Amino acid sequence: MADNRETMAGGIRIVARSVVTVAAVMLGVSIITFAMLYLAPGDPADILLKSYEESAAPEALADLKRDLGIDRPAYARYFTWLKRAVVFDFGRSFKTGEPVKDIIFERFPATLALTVLTFGCMVFASLGMGIAGALCRDRLPDILLRVFSILIVCVPVFWLGLVLLYVFSLKLDIFPLLEKRGVAHLILPVVTLGAAASSIYGRTFRAVMIDILQQDYIKLARVKGAPARYVVGRHIVKNAMIPMITLWGMSFGGLLGGSVIVEKIFSWPGLGSLALEAIFCRDYPVILGYVVFMALVFVTVNTAADGVCRALDPRIRYGALNRG
Amino acid sequence: MRTFFKNRLFAAGALIICLQVAVAALAPWIMPHDPFDINLEKRLTAPAREYPLGTDALGRCVLSRVMYATRVSLGLSAIASAVIVAVGSAIGMLSGLCGGRTDRAIMQLVNVMLAFPSLILALVISGLIGPSLRGAVAGVAIAGWAPYARLVRGMTLAAREKEYVTAASFLGTRGIRLAARHIFPQILPSLAVLSSYEVKSVILAISGLGFLGLGAQPPTPELGGMLNEARLVMLSAPHLMAAPGVMLFITVLGFSLFGEGFRDIFQIKK
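Residue numbers (the working numbering), protein chains in the order written: chain A, 1 to 324; chain B, 1001 to 1270.
Worth flagging that the hints you see were computed from the coordinates, not collected in a lab. Small disclaimer: the values here were computed from a predicted structure and weren't measured. Fair warning: there could be bad hints in the mix.
What the hints assert, rightly or not - Derived list of chain A stretches under chain B, where covered just means 3 residues or more per stretch with a C-beta under 8 Å from a C-beta of chain B:
1) 149-155
2) 160-174
3) 220-227
4) 256-265
5) 286-295
Stated by the list, open to error - Just a few of them, taken from the derived set where beta-carbon distance is under 10 Å, the chain B residues facing chain A:
6) 1203
7) 1205
8) 1214
9) 1252
10) 1260
As the list claims (entries may be wrong) - Computed Cβ-Cβ distance ranges for the label pairs, DEER-style:
11) B:1158 with A:210: 58 to 64 Å
12) A:58 with B:1026: 50 to 56 Å
13) B:1219 with A:277: 19 to 25 Å
14) A:35 with B:1219: 33 to 39 Å
15) B:1006 with A:150: 17 to 23 Å
16) A:80 with B:1021: 49 to 55 Å
17) B:1100 with A:116: 37 to 43 Å
18) B:1164 with A:88: 30 to 36 Å
We treat Cβ as the ideally placed atom computed from N, Cα and C, and that holds for glycine.
Isolated chain B (complex conformation) (with noise of 0.2 Å):
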């Protein structure tokens, strides 16, 4: 555990995942107001003693929305990550693993679902879902989920060579025990941080999807869908603006640097 927390990247990404995750867990009990609020005698506000971060265009106030949006915003993340990490590390590990004529049939699906650009394919579903928190995770599971399985199919590939691996499969281990006895425990690490740099990106994607009005649907906040309203009052409130996207930012930033040291720990392991 000390390895892991000398590492400074390591240790500063944690430190800004849990604050964010606190921050999360904890809004509807230090949201200063409600965020649903609405008051329209204090519309577009600036920060004052009331309102730290002063109101939107309907008076709500920001500091609580922005609070409760990073609870929306890192639970939808949180949820398509995991779909994409599960799915897509047993696809993974299936087509590696059973090779043949499996894997062709899989990596071909593979291929074609690399032939979407993703932020389209995942827009694309959502709507066709129909503008909803849980259209965006279908969106970004089901356009995520391609590169992540075949990252894992090499690494279970690699996996397989080793020699205590042929030698289990020598002495009869077969299937899902040799997937979860010896190849998973090898390849953990890896996936780990991949999986710390999926999660970066399926914020960025989530939020991207909020901004573009997808997501989730007003009055509910969201950080992506607060900056598309913040857009509309750019004149008039530019300082609606920096909120969710600093907020955004940290939150980003922490998953990268945490994937940026994980990865120096076990390569330096190495």
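Isolated chain A, as found in the complex (with noise of 0.2 Å):
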């Protein structure tokens, strides 16, 4: 019972303290965004107006500056912009005039399938490949996988997607374009996107399995007459998963940013096809929006692997116990 009631204590002391984590590292983030939207050339009243008109009135650009709230200092600037920011309001699109939280919502949901749909399949396919690679170590399976893993590492990502979508949509015409989009329209992308991640992760767990299988505890296990499925599953398996989930947290950094490109390809209606476009006609306060959002996504991800790490690994929850 008391151990329970500790436990749980723990559990929402962990929890508190990600929470803070993450606050105080967007904290950050936001000023790094605002700052780099600071000092970068162009003034967006300017291009806002020369959006609508060739050229712009010096008045008229006092009066749009005092509208947008541009011609106040920086740091002004900076606490109304977070103000709003913690509830999700960035403002209006310079270009449709919509709310960026309306924007950004809406495109969302596609890029979260993507990216999460590609996380999973890359989890399991890197799990196989480690398992297969450690257990043949050195055997014919084990070198194939090796030298295929180096070698899809160096395939540029948007390369590899428009091979694919040539040879599968357009030659053999098995995922075609022109078709209602669904899960089977989501193959592609992910294989695009989870490849080289897949096979990194999957060296990665290769190697960790190897240095577990020479602990004298798995020699024990196989000593006493534990069945190989059994040792493999219980002591090594989840043993080595334990660093793979804070690398696997990283990983998603890569994902989201990849799935620019990908969306690119395969035309896939999410949020990076969306913050290109405003990157190219400049307008601010989405490709802000984009940016922090991001970042939240990612920070929120690695610290819940933290968390998870923590949570399955006794040494590490104990140890956070003892010293808080």
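Hints are included, so try docking the two chains, each in its own frame, into the full complex.
Here you go:
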């Protein structure tokens, strides 16, 4: 009973600490993002006016600057922006006048579906490759896997995407381009986005497993006659997962970044294609909202991965309890 | 030197890199045609005698363009990697050696920088600067220095623990001298391995930006940008996707093998 209560208190403390960490990092992120915008060449008011008419009259420019609030000093603007950004109010798009929040929430589900599905497939693929590689160490399957993963990591994601699109959508017609969107349509994007990450983490997982295979407790488990499947599943894979969870969490950033490229290739209507448009027409509120939102997703995933790691690993869990 | 080239990975990687650098350096002299020369009568032709890799949508020689693009891509990546390695090492060593408040402040900054998905940060920075060569290099460099600095800080901390470094600092060696004479030579091998991996991801990032339309602007060829152009005429001229893609793949493979080999060599030495 007492132990149970203690674990729960520890759990709450871990969650609370994670929330504080996320908030602190996001504060830094907001400062840097805002500074980037501030330091960027070109005046937003000028750009906004020029998108309506060819030459901007000085009075109109001054009026607009006052309306946008950019005649005030940078720190004052930052605090106004921050106050709104806390409740996801990133202002309105320069181009369409729609609230940035609505645009982001409309497009985000598509990106989320792509990245989360890729993430899941990547985790399973790297587990499979790692286990196969470690158990067949230095035999043919392992060598083939190693060569394959060294090669696939060097293939640029956009090239892989184009080739897959050409072969499977245009030539073989397995995933036709102009059909209704569904899960089947995610297969090529997921393979494109996940191939490199899967082989990177497959190799890492293999290395971690080989390390564990040489530990004494594995020998003990074998000597006492535990079935091989049990030893692998219970003693090796479970323990090897712990360092992997943090790494997988960090890989999410790569997937979010890569989604911009993959969405462009497969015309997937997610946030990435939106951000690209916004960048080319300098739609500052959309760009800002996009960057901050992506950073928030990434930091949250990372912190969650850390939390899972703590919850699963008694060494870290009790370490945290004793220190706290 | 012989130990280096006995390692097959290292030798293969070095060979590939040398070839690529040779193509990039000699491009203006070995290109069969002018890469900017438009020939509207011969658009999207298949590989033939006159144009060994065919022509693109504007009738420009693909082989010449790939050679020139390799020059552009490698040049940009070299500059961006140099900036990342220099800035990252300097900041990492500073953080590791100063310790205390400086160290904490720098690590806070690094943590915040790591909160951005790096390609997105690079994309936005180069977009804000404006689609250009300068923008791409700046974007990739600003997005890339932080993880590097963190790794270098870790190496510096480990190097500081060595007895002879402690001895040197007891004898009064401080600051830049301690860093240059005792810390830097110690972490140099790991730094070199790290840098060759860095070049690899910088090449992918720069060409990724090029593919998205940031980076080299038309008519200047760049490997990522060429693939984007090939995308538009994929149905009528699929062969246009091959050359820039293969070139990128080989380049990245070269740096990757080089790095792997390098790492093996220094692990054996330890």
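Against the structure, the hints:
Coverage of the stretch 149-155 of chain A by chain B holds. Counting CB-CB distances below 8 Å, 5 residues qualify, and the rule asks for three or more. Counting residues of the stretch 160-174 of chain A whose C-beta sits closer than 8 Å to any C-beta of chain B gives 5, which meets the bar of three, so the coverage hint holds. For a cut-off of 8 Å, the count of residues in the stretch 220-227 of chain A with a CB near a CB of chain B stands at 0, and the three-residue condition is violated. Check on the stretch 256-265 of chain A: 7 of its residues sit with their Cβ under 8 Å from a Cβ of chain B, so the three-residue criterion for coverage holds.
Counting residues of the stretch 286-295 of chain A whose beta carbon lies closer than 8 Å to any beta carbon of chain B gives 5, which reaches the threshold of three, so the coverage claim holds. For the restraint placing residue 1203 (chain B) at the interface with chain A, the shortest Cβ-Cβ distance is roughly 9 Å, inside the 10 Å limit, so the hint holds. With a least beta-carbon distance of about 9 Å to chain A, the hint placing residue 1205 (chain B) at the interface is held under the 10 Å criterion. Hint status for residue 1214 (chain B) relative to chain A: holds, with the closest Cβ pair at about 8 Å, below 10 Å.
Hint status for residue 1252 (chain B) relative to chain A: holds, with the closest Cβ pair at about 4 Å, below 10 Å. A hinted interface residue such as residue 1260 (chain B) counts as satisfied when its beta carbon comes closer than 10 Å to some beta carbon of chain A; here the least separation is about 8 Å, so the hint holds. One distance hint, 58 to 64 Å for the beta-carbon pair residue 1158 (chain B) and residue 210 (chain A), is violated here, with the actual separation near 24 Å. Our hint of 50 to 56 Å for residue 58 (chain A) and residue 1026 (chain B) holds, since their Cβ atoms are close to 53 Å apart.
Checked against the given bound of 19 to 25 Å, the beta carbons of residue 1219 (chain B) and residue 277 (chain A), roughly 24 Å apart, stay inside it. At roughly 35 Å, the beta-carbon separation of residue 35 (chain A) and residue 1219 (chain B) lies within the given 33 to 39 Å, and the hint holds. Between residue 1006 (chain B) and residue 150 (chain A) the Cβ separation comes to about 20 Å, which falls inside the hinted range of 17 to 23 Å. The given range of 49 to 55 Å is respected by residue 80 (chain A) and residue 1021 (chain B), whose C-beta atoms sit roughly 51 Å from each other.
Range check, residue 1100 (chain B) to residue 116 (chain A): about 41 Å between beta-carbon atoms, so the 37 to 43 Å window is met. Between residue 1164 (chain B) and residue 88 (chain A) the CB atoms are about 55 Å apart, so this pair departs from the stated range of 30 to 36 Å.
In summary, the structure is inconsistent with hints 3, 11 and 18 from the numbered list given earlier, while agreeing with the others.
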